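Taken in sequence, the protein lines are chains L and E.
Going left to right, the first sequence walks through residues 503 to 647 as our numbering numbers them.
Going left to right, the second sequence walks through residues 503 to 647 as our numbering numbers them.
Calculated directly from the structure, the hints in this document are not laboratory data.
Treat the hints with care, as some may be off.
Unchecked claim - In silico DSS-like links for lysine-lysine, alpha-carbon gap of 25 Å or less:
#1 LYS556/L / LYS574/L
#2 LYS523/L / LYS609/E
#3 LYS522/L / LYS556/E
#4 LYS522/L / LYS574/L
Said to hold, decoys possible - To give a feel for the contact side, a few chain E residues facing chain L, derived at Cβ under 7 Å:
#5 PRO544
#6 VAL545
#7 VAL546
#8 ALA620
#9 LEU637
Owing to the predicted nature of the structure, the values given are computational and were not obtained by experimental measurement.
We treat Cβ as the ideally placed atom computed from N, Cα and C, and that holds for glycine.
There are 2 protein chains.
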Amino acid sequence: MSDSQKFPVAAHALAYLAHKKAFSADRAVASAELAASVPTNPVVVRRVTAMLGKAGLIGARAGANGGAWLLKAPEAITLDVVLRAVNGCAHLGVAPKGVKGCPVGEKIPDAVRGAMIAADTAVADRLSQISVADLLNSATVEAAA
Amino acid sequence: MSDSQKFPVAAHALAYLAHKKAFSADRAVASAELAASVPTNPVVVRRVTAMLGKAGLIGARAGANGGAWLLKAPEAITLDVVLRAVNGCAHLGVAPKGVKGCPVGEKIPDAVRGAMIAADTAVADRLSQISVADLLNSATVEAAA
DNA sequence: GCAACTGAAACCGTGTCGATTACGTATGTG
DNA sequence: CACATACGTAATCGACACGGTTTCAGTTGC
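All chains should be modelled from the sequences, with the hints used to inform the complete structure.
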């Protein structure tokens, strides 16, 4: 299980919008153009941009010359927000386990779940240090790593 | 894509072995017993234990009174090793993208990949602070978080 | 009115994963 | 030695999720 691929697409789209300096409706970029750059299907892009829109990261307008644009500065969009916008994501799988009656069988799942939450938190912390702007000059990413 | 569920099973199995104090061949625990605790299928457990065995974390012996046991102390087994043993895992999906001709379309995937590697590294770092022994007294996990 | 574009739904093909079954092999017991 | 126990591996099945495509409805600008 994995919402795989949505995050990369989202990151790519945001970076592309930042590169195109799409900061307002009159510079909107059509999903077809985004799709050509990823590359993937326009519908796939729209599925992602819809989620990003709900998260308040981008705006979109229908109609001729419509498309998507950034609502925030590239420096202000960190990747952890992108990840959260795109999926609730359990990276290491879920731990829906537990055998009644066995004390260890009941406690372990909770402990494992705790470890996975810790891992998720670590991811969020790390991604919060990387912004969309950083993606455009990838040297920053290396430096931060 | 995700090797989901293997990591939770592996963590549970290791914790169970530690709980059972299976530190040598004469205290081996059968896969059926592990499977009953997870709970899952004995074969699933063996698939996981086979990988853990290749990673040198546990030993296994066939035959009557056979089973698996720990080769290292519970405190010495950190979860990042477990994760690596169980899958090569790209938690956030792969980023096999790039459109030739477009400078931004070519650079962005690398930057995104860099971000995902950073996230993976963050996970490994965090998990390396948690041992199998910690899973048994989960209070430690909370404290470390 | 027409063309361009988003948004949402439906559908399909595919890949992956867990579960199950089955077979071969190794080990201990009587 | 015969037999039960148990691992290891392969094959198969069904469920599920995801990406890709198509289609339709609604919006916007010329």
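Straight-line alpha-carbon gap LYS522/L to LYS574/L, limit 25 Å: Within the cut-off at roughly 14 Å; holds.
Restraint outcome when PRO544/E is required to lie within 7 Å of chain L by C-beta distance: Violated: closest Cβ of chain L sits about 14 Å from PRO544/E, beyond 7 Å.
Given pair status - LYS574/L, LYS556/L, alpha carbons within 25 Å: Holds, at roughly 14 Å.
Restraint outcome when VAL546/E is required to lie within 7 Å of chain L by C-beta distance: Not OK, violated: VAL546/E not within 7 Å of chain L, min 12 Å.
Interface hint status, VAL545/E versus chain L (Cβ within 7 Å): With a closest approach of 17 Å, the VAL545/E hint is violated.
Evaluation of the interface hint that places LEU637/E against chain L, nearest CB under 7 Å: holds, 4 Å
Interface hint compliance - ALA620/E to chain L, C-beta minimum distance less than 7 Å: Given a least distance of 5 Å, the restraint on ALA620/E holds.
25 Å Cα cutoff - pair LYS522/L, LYS556/E: violated, 49 Å
Hinted pair LYS523/L and LYS609/E, Cα distance within 25 Å: Holds, at roughly 17 Å.
The structure shown violates the earlier hints numbered 3, 5, 6, 7.
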